[in-house]
Amino acid sequence: MKRPPAPLLGGLTILGAMVAFAVAPGLFVPYDPLAFDFTALLAPPSWAHPFGADQFGRDLLSRSIAATAIDLQIALFATIFPGTLGTLIGLLVGWYGGIADAIFGRLVDLVVTFPFLVLVIAIVAILGPGLANMYIAVTIVGWVSYARLMRSEVMVQKNGEYVAACKVLGYSTPRILFRHILPNAIRPVLVYAVTAMALAILLGSSLGYLGLGAQPPEAEWGVLIADGKNFFTTAPWIALFPGTVIVIAGLGFSLTGDGLADLLEVKR
Amino acid sequence: MSAPLLEVDGLHVTFSTPRGPVHAVDGVSFSVGAGEVLGIVGESGSGKSVTLRAIPRLLHANAAVSGQVRWRGADLHAMPAEQLRKIRGGQIAVVFQEPMSALNPVLPIGLQIDEVLTAHTTLDTPARRKRATELLGLVGIASAATRLGQFPHEFSGGMRQRAMIAISLAAAPALLLADEPTTALDVTIQDQILKLLLRLVAELDMALVLVTHDLGVIAETCDRVAVMYAGRLCETGSVHDVFLRPRHAYTSALLRSMPGEGAARSMLVPIPGQPPRVDRQIPGCAFAPRCTFVEDRCATERPRLTPQGEGHAAACHAAARVAEAAS
Amino acid sequence: MSRGTWLISRLLQMLPTFLLIGIAVFVLARLLPGNAVEAMLGERGTDEAVARLTARLGLDKSIFAQLMAFLEGVMSGRLGDSLAFRIPVTRLIGERLPVTMMLTGLAVAFALTAAVPLAFVAALNANRWPDLLIRGVFQVGLSSPIFYVGLVLLTVFAAWLRLFPVGGYGDTLGEHIYHLFLPAMTLGLSFAAIVMRNLRASILGVIHAEYVDFARAKGLRGSVVLLRHVMRNALIATVTLVGLEIGSLLGGAVITETVFAVPGVGRLMVDSIFARDYPVIQALTLVLAVFVSLAFLVTDIVQMWLDPRVGR
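Protein chains in written order, with the numbering used here: chain X, 1 to 268; chain B, 269 to 595; chain Z, 596 to 907.
No wet-lab data here; the hints were simulated from the structure. C-beta atoms are modelled at their ideal positions from N, C-alpha and C, and glycine is treated no differently. Heads up, some of the hints might be wrong.
[As the list claims (entries may be wrong)] Partial selection, computed: residues in chain Z whose CB lies under 8 Å from chain B:
(1) A664
(2) E667
(3) M670
(4) R673
(5) R686
(6) Y806
(7) A812
(8) K813
(9) H824
(10) M826
(11) D895
(12) Q898
(13) L901
(14) D902
Please model the entire structure based on the sequences and the hints provided.
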């Protein structure tokens, strides 16, 4: 283990702030994020409203902070669901190989042929807009990356001496798989998952912007920007600040992911 | 004797690594005359390959190089890049140890010869092609015309090394620097390649610097030899003098550890211990901790290279006793 | 195996790929919960209309018969009619697809023009300030959502500075490029970041290779060493990446076209979702997947051309 590098610490700081905003937004918001204030319609950034106010006079700093919870939820759920499914499939395919592996190979080839976002959008279109359906779509499409990582790691691990020892001891296959191989093989998957959270934030806010993800009045950064896009020339701050917040959140996850990869010496 | 082609004078190479500086070459001096074959011998890590690569300035940015390397009197390490470029490949050519990694895997052999000719001659395309075919023939590659269009992975190990030699010879250099050219090859092929090199050196009137860890190869091929240990030059002289009358304790120990060559047909004596780490400066003689002739000053006072007869020099405080023991 | 055989077997692989894409799209369309036809028609769905559309789409037949009919339709180029535009989907997509190709092509061109030289600058100055600056800027680019980058460029360069139009496509090639300039910059940014990152890493892998030292030892000019020996080998790994990223680019095109009101298939896709124009969504998914698989094919062929070890 090396000393944690500065980018990793920066990333973790950003993530820490996000968690704090998500868990206790009330401690940080200067105004009620949903309260209309007709004295501050389209107010530009000022000391009273650092991010400015929108067309209803709602304070954008408060709205951005209040939206953190949804975006953090997107980052977590859009990785945990496909990550868990993919890890399980990768674990089984890597262990059993043979026909399962051949079918898996074809399936992966097929899924990667569909543009990720196009497929997610198509599935959301069929199931209907909203976060729950977005998670379903991301799971259907996104498990492949995790499964591929897990599969190749399991292929290496299953030839390890500790696995042979487990077999000699007569351990059951589930016990070998979940108690012994899984903990040893999961490191690259976890590191990838952190990086994937950055992508999940971008995906979630993009769908929010298109009107296919989080639905108003749910406060989500992409939805905030979509709200502000018609005022972009006259009141650019409505979209500008939530957009900057997305960039910072994305950086938080990608710096953390890269830093962890270096620290844990995971090759990507 | 005319002025030497190549003079290396006080060469130092220090690599900066994450764990601090490593003194890979520590004050090495030697010279090579026209048509002469010089062997540089040492264990792995003795700095012999680094010395060779430092001559035409092939080391990377992490290497700090000082000292002079004079080619026909001009300092290679002080001259402008364009002048150096014309000497590299044109007058001084290099053969590396691993032909598989030294040949570019995605370019046909013909092109890899052709680009040397383009860089150093004024030949037109058909003339370069003719010359490339001749070169492959010269190094003993059959059906040269077909071979020109093939890629390195379509050649066998020995053929690849022949091809690399052909590339190096393309612009008729006056000096060939060969870095363990046979180490990566099968034993039977090693001998063929060595014989090929010697024949070419004689036919084309080239000088050769041959880096190897194999004293047998030196004995077979070289006029003179330089023995290196821990980045330092221990002993230099004619192969005859150094092998029969070693004046450095390390040379003497090395000869006794090798079968069949050198000091009488006696028992093989392995050298005890390990070569020192070169990540800090050694005040005295680097070989002192393993030396059977060691005296007090060896630990504190660095021995200088001192003449031991005509063209023979050694850097050993115990040179006289080593000489006594060898005779 | 000769390269010819390799190429033929690679081409033959396309057939099962196309078939699987077709089946996958068919299955996808059956995910529609409840009565698909009612969902499609929405408020327009009188009983009579539902019955008529059910029969027209063949949904009263068995699943297998439906699949066969669908695949047959795909192969003969019949993908049904758009519910919103009332014209054949193939015609609709045929009109819009060139716009998206143009946008994607320009984005790739912009991205490579920026990323390839910058990757060299970064790699040759590894861990010094030019490298850190380039990597830092692209790291931010990689974390920026496309719609946000688009909005910023739109406001600054189109609305404030009036250097570019705020949307549309124009009529001549010159106008196309003029209209697509900002969208292509937007779409190309994250692609450039990914290519730069990957190419920098492969250059660093190649630059200390023995054959590069040997090339220098041969007295080749610096430009020859860099282009023929470093760049060509480094690009081999990057070409694969470019192919794999075509899918992300098409996904990004959906958002870019929405932000800039570009009349391509991406915008058509989003419009169709809100219009519940399922035949168009289904056909677009199919067409884009086929396009990506063709991009993979082209990548493999370029790879074969760059790397003589492939297919021998």
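Report task. Determine which of the earlier numbered hints do not hold for this structure and return their numbers in increasing order. Result -> Hints 1, 2, 3, 4, 5, 10, 11, 12 are the ones this structure does not satisfy, whereas the remaining hints hold.
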